[in-house]
Structures are given as structure tokens and as C-alpha cells.
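**Q** Below are the chains, spelled out letter by letter.
Protein chains: 4
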Amino acid sequence: MGNDTNLNNLAMSEEAQPLLDAVKKHIRENVDPITEEYHRLGEGRAERFSYAPGQLELLEEAKSKAKANGLWNFFLPNAETGEGLSNLDYAYIAFELGKNPLASQTLNCSAPDTGNMEVLERVGTPEQKEKWLKPLLNGEIRSCFGMTEPKVASSDARNIETSAVLDGDEWVINGEKYYISGAGDPRCKIMICMVKTSPDAPTFRQQSQILVPMDTPGVNIVGPMCVFGHDHAPHGHMHIKLENVRVPKENILWGEGRGFEISQVRLGPGRIHHCMRSIGSAEKALDLMMERGLNREAFGKKIIDLGKNMETISRARIEIEAMRMMVLKAAKAMDVMGNKEARIWVSMAKAMVPEKCCQIIDQAMQIHGATGISQWSPLSEMYMQQRTLRFADGPDEVHHNVIARNEVTRYNQSGG
Amino acid sequence: MGNDTNLNNLAMSEEAQPLLDAVKKHIRENVDPITEEYHRLGEGRAERFSYAPGQLELLEEAKSKAKANGLWNFFLPNAETGEGLSNLDYAYIAFELGKNPLASQTLNCSAPDTGNMEVLERVGTPEQKEKWLKPLLNGEIRSCFGMTEPKVASSDARNIETSAVLDGDEWVINGEKYYISGAGDPRCKIMICMVKTSPDAPTFRQQSQILVPMDTPGVNIVGPMCVFGHDHAPHGHMHIKLENVRVPKENILWGEGRGFEISQVRLGPGRIHHCMRSIGSAEKALDLMMERGLNREAFGKKIIDLGKNMETISRARIEIEAMRMMVLKAAKAMDVMGNKEARIWVSMAKAMVPEKCCQIIDQAMQIHGATGISQWSPLSEMYMQQRTLRFADGPDEVHHNVIARNEVTRYNQSGG
Amino acid sequence: MGNDTNLNNLAMSEEAQPLLDAVKKHIRENVDPITEEYHRLGEGRAERFSYAPGQLELLEEAKSKAKANGLWNFFLPNAETGEGLSNLDYAYIAFELGKNPLASQTLNCSAPDTGNMEVLERVGTPEQKEKWLKPLLNGEIRSCFGMTEPKVASSDARNIETSAVLDGDEWVINGEKYYISGAGDPRCKIMICMVKTSPDAPTFRQQSQILVPMDTPGVNIVGPMCVFGHDHAPHGHMHIKLENVRVPKENILWGEGRGFEISQVRLGPGRIHHCMRSIGSAEKALDLMMERGLNREAFGKKIIDLGKNMETISRARIEIEAMRMMVLKAAKAMDVMGNKEARIWVSMAKAMVPEKCCQIIDQAMQIHGATGISQWSPLSEMYMQQRTLRFADGPDEVHHNVIARNEVTRYNQSGG
Amino acid sequence: MGNDTNLNNLAMSEEAQPLLDAVKKHIRENVDPITEEYHRLGEGRAERFSYAPGQLELLEEAKSKAKANGLWNFFLPNAETGEGLSNLDYAYIAFELGKNPLASQTLNCSAPDTGNMEVLERVGTPEQKEKWLKPLLNGEIRSCFGMTEPKVASSDARNIETSAVLDGDEWVINGEKYYISGAGDPRCKIMICMVKTSPDAPTFRQQSQILVPMDTPGVNIVGPMCVFGHDHAPHGHMHIKLENVRVPKENILWGEGRGFEISQVRLGPGRIHHCMRSIGSAEKALDLMMERGLNREAFGKKIIDLGKNMETISRARIEIEAMRMMVLKAAKAMDVMGNKEARIWVSMAKAMVPEKCCQIIDQAMQIHGATGISQWSPLSEMYMQQRTLRFADGPDEVHHNVIARNEVTRYNQSGG
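Protein chains in written order, with numbering that gives the first Met the number 0: chain A, 0 to 415; chain B, 0 to 415; chain C, 0 to 415; chain D, 0 to 415.
These are calculated hints, taken from the structure and not from any lab test.
Note that the coordinates shown come from a computational prediction; the quantities given were computed from them, not determined experimentally.
Mixed in with the good hints there might be a few duds.
The list treats identical chains as interchangeable, and a pair is accepted whether it falls inside one copy or across any two copies.
[Claimed, not checked] In silico SDA-like links for lysine to any residue, alpha-carbon gap of 25 Å or less:
#1 Lys195 <-> Ile33
#2 Lys24 <-> Tyr410
#3 Lys66 <-> Ser85
#4 Lys66 <-> Gly337
#5 Lys307 <-> Asn294
#6 Lys283 <-> Lys307
#7 Lys283 <-> Glu255
#8 Lys300 <-> Pro198
#9 Lys301 <-> Glu160
#10 Lys307 <-> Leu101
#11 Lys307 <-> Thr408
#12 Lys283 <-> Gly228
#13 Lys128 <-> Lys248
#14 Lys240 <-> Ser376
#15 Lys23 <-> Lys66
#16 Lys128 <-> Trp71
#17 Lys283 <-> Thr387
#18 Lys307 <-> Leu293
#19 Lys240 <-> Ile220
#20 Lys301 <-> Gln412
#21 Lys307 <-> Leu287
#22 Lys240 <-> Ser85
#23 Lys307 <-> Arg404
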């Protein structure tokens, strides 16, 4: 299918080049220098889901500088707001953002806000935009997306059980969500919540998405879900119970039963962004392999020259380059075909990238010996992030199924 | 090579069967019931490397019961002390011990004490035995083994740099060790420390092993090394600096330059024990796959019936059974050939088991979705343990090299 | 499940040792010396499915010697005829037989005759035994088994479409079979043919097995099925059309609708035999890796010392030993539990062995360079044999499914 | 490294589009219709390395039509002769050519002639061009390349032992070559032969390439080298002994000691061409998987819906798309950087593609059951071709080593 030459021009546009340069300069000058202090301030806090004095100030200063330089909100592809970058151009920038985990936030391009802003921009009412999109675009508040539930296999979104029932002018919401990323941040003020509003409608019309302010009574944060034992404070992947949560009727997005339609809107660009960051992570793992392999000796040789290590390095390089092209191609497909038609390309990138990145990082750990899994190396944390991505936004298996079913369709259409 | 029928009788001896039954009964009656309380007491301690009031009492009570029932110290294969179990019989017991992490300790069969006791029993002087082996055998103190160093690739033990220099009647030790398991336990009183005593001797005669009491001035515990961010308190894998540590001349084990020889003694049984516990872990991961797969639904099917899951389960079962036979065979080989000759079989088990267990546990995580990597499932902790074992007692690559070099020898000897 | 110590005594019985020695001696003295001439005589024959003058005489002489030494028909486990070897003891012998492809035939232990004789011995009537089992046991004729069909997925034996309809005192058979191994041999006189006799019976009672003499009118051999282009003459995997083939009513085995039951009888030992031969093949591939790796140089090193080759060798050794134990265990399980209960163990061996042997042989080819896939090396032919075994007697996938379903049963029974 | 946006525009040029269309039309109208007859005529020939009456006539007619339509010799990138296509544009065409193995020849674009013509065009003297390049460009003769030797690991070209010694005005050549593709064709008139001329020169200046007419006395074709038992007549991979072969002094290419330099010229485009054909082959394997999977049933389901088959299909699709992008990128790199600088990209494609194609074809065979390895399916022949490519033009391991060494260089240059 990829012989379609239209999709194969994956060069960044000339117009985007200055922006990429500006982003690199911003990271170098405004983000890298504050990173160590930012993390040092946040260390060892007993009150996990909070910021230490001074932390947010550091961030806000970098955000101001970015805004002043016009580097702000360019994640929204072809949007009226922001820079209106194409997905392809944004992918190149996302790769740079992946190198410093703080960088995205300083440009107001962090997940899950980006996806939430995109949804609000595409389907929000003027009132919803005024109330929630505006402060998000200004970087004044943060947000989360309430999708996954502990009691059902929510990889099949039809399983979502959290209910929203109309009672007068209010939706009354009851249910349980977990792995709600970003909900631990004290700045998080709004959740877009996937709920079942219409259990008797056709399967793909039963769900809706509703805006739930985080301070609504009944929104009870039970605690963080850990990943390999880590709570990822203060961002957090939170476990939340929704108990008789009441929100105004007009908080529904795009209308009752359109929850699945909205999901189509949001998932593409976010996945591409994740994938480009993943590739940055694999690139870093490869660098660390080189560093360790060339600077340690055992059995009379550099470690890199022992056994299969050189082949491991070659395979990592090949896979990284192949992943990069696949992610760029998915971005291009979104630009050319639209998110819905491009979803196969997005699924290919999503099914391919985190799994291979996990392997590459794991090999880097092995080359490091015990240090590779210790606090002296970033590898184990990188591994956990990538391992998590094999579930986030749909587990690998769901994407493989999407791709294979598309092959069936193609085969049948070709008169196979 | 495995066609040698002598090695293929892997049945447990009839004499060991009652012991196995007694061990199972002990775990069921004396260990399982205290496990939850033991862990609850230890939760959330600020002073990480210590025990909460009541924790050790629980343990001691279970130890007393084990002792009273004659279930004590049977780890020492064919030894005068203890039960004198064969390695093969002990392997069957180790599999049971693997099911509850507390169990080994209640029978005085925990690593790294077992290896240290074995070494003391085999090569210690009467004085060394009186002072250190006796309280270890009684379960009164614990111990650690100081091997790995952060600054060199210690998978090649010739790289060990910690030096011991004779000054009058004392060894003066300087160096740095890390991942010293068990050194965090307040009960740990003695370290067997691998040092370089004779830099001018032939390569494999430069190292010695010296008894270093943990309270000797200059033994400075810097802190715990983490594994995927965990400190494994209170046991701990500690980072230790040895700064002008002085111990009596007679603390050397077996004589100067015999460090490598002693290593041959210790490593076999410990690895087998680890491997049987690993298999127990893989067995548990398979159980959890079944449980999740049969009790969740997505896309109109039980999860177990989706995609490749049934094949994943089959492959896990096959690998588990194959691993089990290989570990039992390595145990048998130690019984029949002695540890030195059996080292190829031990290396085969060690190179095979943790890697495959990691894969099986990882697949179990994938079948669980995000819950599989959360604190609600034991899988991520099990994964970290197995991932660590791919380095401990020699990384996979070192064992593969031992095995392949043995093939070269065999080929050459066969006149190939 | 494999912790059951009863299954773990995999040593050959003492009684079988002299037989193994005698078999080795027979191969060395009577088979190895004729092998080259036998193959030379058969080369380049235009009439593919025939023997050259002298070929069968060589074979018959070796057969006579074997018979004279009492080495005959010992494939039948615990049978009244033959040596009555246990499956486990026979597995050790099968490993030796695997080293020279001619050897089995000289001992009257070749597939598919062994399975056919076993079936006739177990379920045949006195008349059937007299007519077909006797000459088979004497090595006077050969036989084939008509199972697989080209038009259906016969891995699901319920799909078998060849019909047998009773017309007076005769079965009238119509259908198409392929990959009928051994049917190309001019000595092949009888087929046991799986047919559908009872389309209206319950699913597993619709099939029967019927004796079809090869010279019956309507048994039309279309030609050989090739494997990677090879016709395996004169043995042959034949494509056969059965067109109004009429055989007497009493040619049915064990009664109408018992086809599946009979399959349970036959499949275990044959698979074990195949698997032990496969392991012999992997062992040979490993030997060839060693030979090539130690005797060639490139880039200033022996090939064995380049890149991952040493690890490849180690992994091959580990896998070979693990496979061997699993096959021996399956043989033991048949001895202890009977073929039906042991089928899970047989499926584990069958799903594991040919796949891994293919990988090992493939790696040996890679180490050989282009010579590895040429006629100068046996590797490509070995590869094709193992690749074929991934389909024969059930494709890997069917066995994996059997194994996984057994895990489901176990889980449910344990009250999971 | 692949973040270099210059290399990422992989769209075909607009100018090449009409040529691609013309090539498709030519194949459809002039090649596909003769294919069956061409092969039928050639079947079952006893004189293996010859053409049947009528075969070449069919080919010549198609060649004439191609020439008349201007579809001729466009393989030479940016050359004065031929169409001067870029490597990238040619890659798109090569993908089409891969669909019918006869197609390349009708356009005078077959290996190994293309590489030989490229070398002659780049480094040949006017006399050499007149005598050999002209008839090759006209499609009047064919050629071969004498590189690989049976007695040494010629993946390390420094090992080449065939010697050429100047004796008066003639080179006297002695040595042995094998797997010389195309040397079986009766139209093959000239070999470019890699020889050692200067054993005392620096390592990479010892080799030269010399033109050896095939009818020179002493050029003795011993016979074909088989691949999995196949002789690939009449093309053939021939085993050739060179015994006191005398050719004029001026037959040397580019001068003594420049053998390695010339190799740099030839290898890039040929490998890309091979790789694009490989991808075409994987695409076909995927089609066959779909066809079989959707049209057969077992165990009550379509085969495609059994077990892991849908995931297998998804992974094949992902790998095919990733490979395609990597091959196009290597072609682009040759256009942008020149063959020498682009060699890392070429090695990445070459190390990646045949290995993955083998896996995909193997999976397609498994889905087909026994038919997949029979003469009723093209899969086993496709497999053998791809398996061979894992050696041709450098085994995988050599390319991995090139890639990894480049990473070392990059790391060191970055001041790592």
C-alpha cells in the first residue's frame, strides 16, 4: 500500500525550518539550563502530588520566554489557533521535544492537554471554548482525559461502564477510572470524561464525552496508579472514583452518543507525538550503548567488541531509522488523508514503535550490566515509559487488529 | 552431550519426599499465615534499612518452629551439617520455597547466606567456623558477599580492583563495591569480600576472599543501589566503600590467591536455587495469565481467546517445562560430577532461565493491560527480580561464552 | 505441571542398554558401510519412483543381519511382538537411528510402517493381521497412511472429505489425498485410509479408517508432492486420487466411526520418533557450525569468533538439551500415563522441536555462507525435512492449541 | 542520523511518472502474455544450461518492443547512456519489475549485467566500452561477475585467492570461483573477475578486476551450484575453475590494485534493485496469506481468524512498509550523497530486507499448510531466493558490521 508516492515526501517544509531552529534554541537556552534545578527542587517530597516552592516559577519563566518568541501552541495541526503546523512538520519538532521531558510543557504542547485542546477546538461550543480552551491555550490550567476503567477491558471502548444519566438539567455521573494521566497535577482543572449515556443506542452511539471540572463534588481521587512501582508524581496516573458527580447538561461535547466520533479526532496526533518521543528515547539508549561499550573493558576487549554487541547496535540503528520513517509517514498520511483515513498508518506506527523501543532500551541495559537497571542510569525509567506506551492509547494488539482488518478489506475490495 | 543417561534420572529420591512434604506443611502452617502481617508492619518506613517492631519476632517464631521440626539448613548438599540433601532433591524443595519469598528465611536457606555458609563449611578454618559459620547456621546473624564493583566490568572477575595489602598482621582493604545484596539488613554482620591481594601473580591467582566484619571501621555503606527505582529495603543491594578497612591476617579464606577457586565452590547451588525460584515465578505469571484471560472480555470474547493469547500460553507452558528439566539436570550434574565439572550445565540453566522468565512475565503483563504494570499486580515486581537475575552471578553473555567455549573444547577433543 | 517427580526419571532402563549398544554396532558395521553405495546407485534415475538394480539387495542384506541379531521390530512399545521396549528406551534408540537415514529401515522401524503396524497390532482382526501385519512385521512389504487432503484444512481432521459408502459387501471410496508419504515406494502395498463413513453421526464419530490395497482399481497416483521442489523419490509424498475404489466390507479397522479413536493410538510414538531424529539433526547442524567456524577465517579471526556466533552456538546447545529432555519426558509420559493422557506432553515436544531445529539449522547455514545452502552441505536438505515436520502430524498451531486448552482445563479444575 | 530532512523526500519525481506508467504497460502487454509459454518451453530440459527453440525468440520480441518504446537501459543512474534515472525513481520501477521475473530482462535491466555495465560505463576504457559495454547495452550478450570463492570466506574480499600474474603482455589467471550467477546462460560472453594481482601491496590495493571472455581457454565451468537443491538453469550459479587463463594486459579495469575501488561503484544500485524485488516478493507472500486465510476453514473459523494469524498479517504489513521506506531512503541517499557516502544506508537496507522477507514468506508457508512448501505454491521458491540474498552481495553480518562501525565513528566524532 505504501507505494503511493504522494505519501512519500517526508521532508520537512521549508517554512517550518526556522521554527524547528527556534525550538532547538529555546530548549538549549531556556529549558536545559533549568532542568537540573527543577528536578532537585522536587525531590523527596512527602506531599507527592504538589510542587515545591520555586518549581512552577521556573517553568512559568520558560513559558513566558517561549510565548514571547512565538513558540506556543503549535501542536494543533492546520488549526486557526497556534502556528497551524502540518502533522509532518510537527513530528520533526516532537522529536526535539522528546530529548528533554520538560520541553513540551514550556511550549504548551504537553499531553494530555494537546489532545484535549484539539478536541475542544474542533467540537467545542463557543461557551466551552471560552471557559476551558482559552485558559488551556494560555497555559493557565491543565487537564486530563478520563477513559480507562479498572473493571473492564477498556481497550474495547464499548466496554466503558461509567454512566451519565440526565437528571433535570444535569448529568449525574457514576463510575471508576484509572490511569488518568495528569490528574495528579494540582493545576489540573478539567477532565474530558468518556461515559455511557445511551445504553440502548446502537453500539457505537452509546458513549459520550462530558466536561467534568475536577473540583466538582464526587470526583474523588483515590490515589496514584503506579508503573513498575513509580507514582510519577506530581503528574500522576490517577485512580478516580466518580460518585454522583453532577455537571450541567451543556457540558456534553458535540452531543449525546458522539463519544466515539470524538475519539477519532483526538487520537492521531497524540500518538504521533508519543512515537516521536519514543524514537528520541531509543536514540538516547543507543548513545548510551555506545558510551558504555566504548569505555569499558572486559575479557581483554572493549565491551562493544564482545559477542553480539556490534550487531545489537546495528539492528538498533536500522530499527530506529525504520521507525522514524514510519512515524513521519503516519504524520504525512494525516496531513494528506485526514485523521480518519490515516488511522491505519497511525496504528502501524503505534504498534511498531513502543515495542521496538522497549527492546532497544532493554539491550542497552544489558550492555550496562547492573548499572543499567540502577538509579545511576536513566535506562530503567526510559524502559518503564515505553513499556507503558504499549498499553496507552490502545494496546499493541488492538492496533495490530486494526491493521489486519484493513488488509482484509483491501483484499476483498481488490476482488481477491 | 545430554544423551548421557546417567544424568537423566531426575526424579526426587524417595528419602527426600517426606522432607518435601514437611516443608510444604511448614510453609502452609507457619509462613503463609504471617506473611501479610509481616509486610504490613514493614510498610512505609522512613528509616528504610531497619525492621519495624514485631517483624523480626514473627520471623523468629517461624524459624523456631522450623528448627523444632528439623527443617533447618538442608541447603548444604552432601554436607556433614544440615540434612545433607542432594542438589537434585534440594531443587525440588527450592521450587516450593520460591512460592513464598519469606519461606527460605524461616528455614535458614536464604541467599546470600547459603553460599557463604557453604564456603565457610568447605574452606573455613575451625576458628572461622566457630566465629561465623556457627551463628549463621543458627540463624542468629546474616551475611553478604562483596563481589561486584561499579568501576569495572566485574563480569570478568579478573577486573576486581578492591585491594587488600598486608600490613603487619592485618589486611588493609580499599575499594568500592556495589549491588551487595543483603548488606542493608541490620542483622548482616559479616561480608566475604573478593579482593585483589597479589597483583603480580598469574591472572587467576591474584584474587583472594577475606572475611570482613560489617562493623569494622572503614566499611561505609553509601546507600542502596536501586533496581528499576526500588531499594529493596531492608534487605538492600548496597553500595559500599571500603576505606582503609583493617582485618586480622587470619581472616583470609583458604589462603592468598585462592579467590577464584572458592568461587567455583559457591556458585553452582546458589544459581540452581535462584533458577528454581525463577521457574516458580514464571509458573505464577502463567497462572495470572489464565486468571485474567478467562475472567475478562473484550470484543465479544474472553481475552484468552483473542489473537495470539492461546499460543502465548502454550509457549509459556512449554518453556516452563523445558526450563524445569534443565535446572533439575544441572542439579543432578552437580551431584554426579561435582560443581566444577557440572558448571556447563549450571551455565546452561542460568543463561536460559531468567531470560525466558522475563519474556513470560512480560507477556503476562501485556495480557493484563495497564493493571499488569501497576501495584495491583505482582507482575512488575516479579519482572524486576528476573531482569536483575540476568546480571546476578554473571550476566547471560558470560554464561553463553562458557557454554560455547565448552563446545569448542568438545569439538577439538573429538578430533573434529 | 512437570513437578510430578514420577515423570522425571528419564534414564534409560538397564535392560535396554545392551540393545542400544547392539543397535550402534549394527549401524556402524552393517549400515554405514553401505550408505554411500546405496545412494550412488540411486542417483539420477529418470524413472523416479523405482529402485536401481542392487539397491534393495543392499538393504535386504542389512535387514537380514539385523534380524539375525534380534534387532527387529522393537518400535512397538510394550507389545507382544517385537522387543517390547518402553517408549523411553526406544527414544534413546531413535536418537541413534536419526544419525543415518537408512538405519531405521534395516531394523524395520521406519515411518509410516511403524504407526501402521502399531494400529494393526492394537485394533486389527486376526484376518487383517495375517494379511497385512505379518508381511509388514517381516519387512516384506511397506505401507502408507492416507490422511491429508488438498481441498480442506485437514489439520482439523473433521474436515476430511474422502467418502466411503457401503455398497453391498464393499466400501466405495472417492476422494483425493496428498502428501501420502511412502506411497511412491514400489514396495508399498497397503494404505490405511482415513475416510468419512458416517456424515450424520456426531462429529467425532463420522470418520473411519479402512485398509486399501494399493493395487485396487481406482487408486490413482497422480504424482509426487514436492517439498521445496524435491520429490523425495523413491519414498515420495504422493498425490493420490481415489476414484470408485471398492474394497471388502471387512477392510474397515475397529468398526465404523472409530477413525478418531484409532488416531489416538497411532500418533504418540511416531511423533516422539520424529522428534528424536530432529534432535539428531540439530546436533549435526551444531557440529557443522563448529567445523566451519573453527576452520575458516575472515577479517583476521576464526569465523566462530566473529560477532554473535559463539552465542549462537551456546543457544543451540541449550535448546538441543532442553528439547532432548522434553522428548524423553513425553516418551516417559506415554509409558506412565498411556498415549491418551500423555498427549499434552507429546504435543509440547512436537510444537517445540521442529521449529527450534529449523532455527538451529538456519543459523548453521548462515555460518557456512553460500556453501551452507548448496549441494556441498547437507544443511539445506536437513532444513527442508524439519520445515516439513512443522506440518506433518499436525501443524505447530494445532499442538499449541491442544496445550493451551489443557491449561484452561487445569485452571478450571484447580478452582481458579 | 535519519533526521536529516534532505534525505526524507522519497516521492518519485514527476518526470519519472510517465516512464513508470510505460513500464507497467509494457509488462502488462508484452511480458505477462509470454510468461507462461516461455516457462513451458523451458520445462524438463535434459541439457540444463541451454534454451529451448522459441524461448529466446519470445524474449527478443519483447526486448524489441521495449526498445521501440524507449524503455531500455534506464538502470544507469544519472548516466549519459540510458534514461539517466535517479536511483530513487529507478527504485519505484524496480518494484514493478519485481512482480514478473522476466520483466527486467526485456528492458535490459537484469543482474548481473546492470552492475557490469555500470562498472564499464564508469571506469572502462574506450576500447573496453566498444568491445563489451556496447553489446551489453544492446542486449546482444550477457555477462557475469566472478567474485566469490569456495575455499575462503569471501565475505572478507581481502581473502580472494584467485591470482593474476603478468606474463609478458598477458595476465595469467588461476583460481576457483563459485556461485557465479548468470554464467550458465549460453549468451554469457564476458566475466568481470576479481583477482589478486598485487599480494605485496597494502591490504586494500592487492586486488584488481579483469575482463575475462568466457570462451578463453582455461575457463572451465565445473557445473552449477545449487540452492536448496535447485540449479536455476539456464541462468545458473556456476562453479568455475580458472586454469592458466590468459587474457591481454589491457583487459584490466581502471588499473592494477583498484579492485576494491571498483566494488564501491557497483554494489549500491544492484543491492537496491534486489531489495525492491524482495519487497515485491514479501508483498506477494502477504497476498497469498490473505487468499489462503480467507478461503479456507478449520475448527469452525476462517484460517485467518485462527490464533495469531491476524497479528502475523499486521506485522507483515508493518515490516513491508518499513522496509520500503528504508530502501527508498537508501536510493535517495545514493542520489544525494553518492554511492560511497550512502553505503551505510545501502547496508541498512540490505541487512534488513532479505531477513525480514524470509520471515514473512515463512509465515505465509505456515498459513498454507503443506501446500505452502509444495510445487502448487510459489512460496518455497520465493523463500529460497530470499534466503540466498542473505549471502549475496555480502552476508547480513558484514552489513551489520559496516553499520555498527559507522556508529562508532559517529560517536567518536561527536566527541562522545
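**Q** Could you run down the list of hints and mark each one as holding or not?
**A** Evaluated hints:
| no. | hint | verdict |
| --- | --- | --- |
| 1 | Lys195 <-> Ile33 | neither (43 Å within a copy, 44 Å between copies) |
| 2 | Lys24 <-> Tyr410 | between (48 Å within a copy, 23 Å between copies) |
| 3 | Lys66 <-> Ser85 | within (20 Å within a copy, 44 Å between copies) |
| 4 | Lys66 <-> Gly337 | neither (29 Å within a copy, 42 Å between copies) |
| 5 | Lys307 <-> Asn294 | both (17 Å within a copy, 20 Å between copies) |
| 6 | Lys283 <-> Lys307 | both (20 Å within a copy, 24 Å between copies) |
| 7 | Lys283 <-> Glu255 | neither (45 Å within a copy, 44 Å between copies) |
| 8 | Lys300 <-> Pro198 | between (66 Å within a copy, 20 Å between copies) |
| 9 | Lys301 <-> Glu160 | between (56 Å within a copy, 17 Å between copies) |
| 10 | Lys307 <-> Leu101 | neither (35 Å within a copy, 38 Å between copies) |
| 11 | Lys307 <-> Thr408 | between (41 Å within a copy, 18 Å between copies) |
| 12 | Lys283 <-> Gly228 | both (23 Å within a copy, 19 Å between copies) |
| 13 | Lys128 <-> Lys248 | within (16 Å within a copy, 79 Å between copies) |
| 14 | Lys240 <-> Ser376 | between (36 Å within a copy, 20 Å between copies) |
| 15 | Lys23 <-> Lys66 | within (15 Å within a copy, 53 Å between copies) |
| 16 | Lys128 <-> Trp71 | within (18 Å within a copy, 61 Å between copies) |
| 17 | Lys283 <-> Thr387 | both (18 Å within a copy, 22 Å between copies) |
| 18 | Lys307 <-> Leu293 | both (14 Å within a copy, 18 Å between copies) |
| 19 | Lys240 <-> Ile220 | within (6 Å within a copy, 43 Å between copies) |
| 20 | Lys301 <-> Gln412 | between (55 Å within a copy, 18 Å between copies) |
| 21 | Lys307 <-> Leu287 | both (16 Å within a copy, 20 Å between copies) |
| 22 | Lys240 <-> Ser85 | neither (38 Å within a copy, 55 Å between copies) |
| 23 | Lys307 <-> Arg404 | between (37 Å within a copy, 13 Å between copies) |
The earlier numbered hints that this structure contradicts are 1, 4, 7, 10 and 22.
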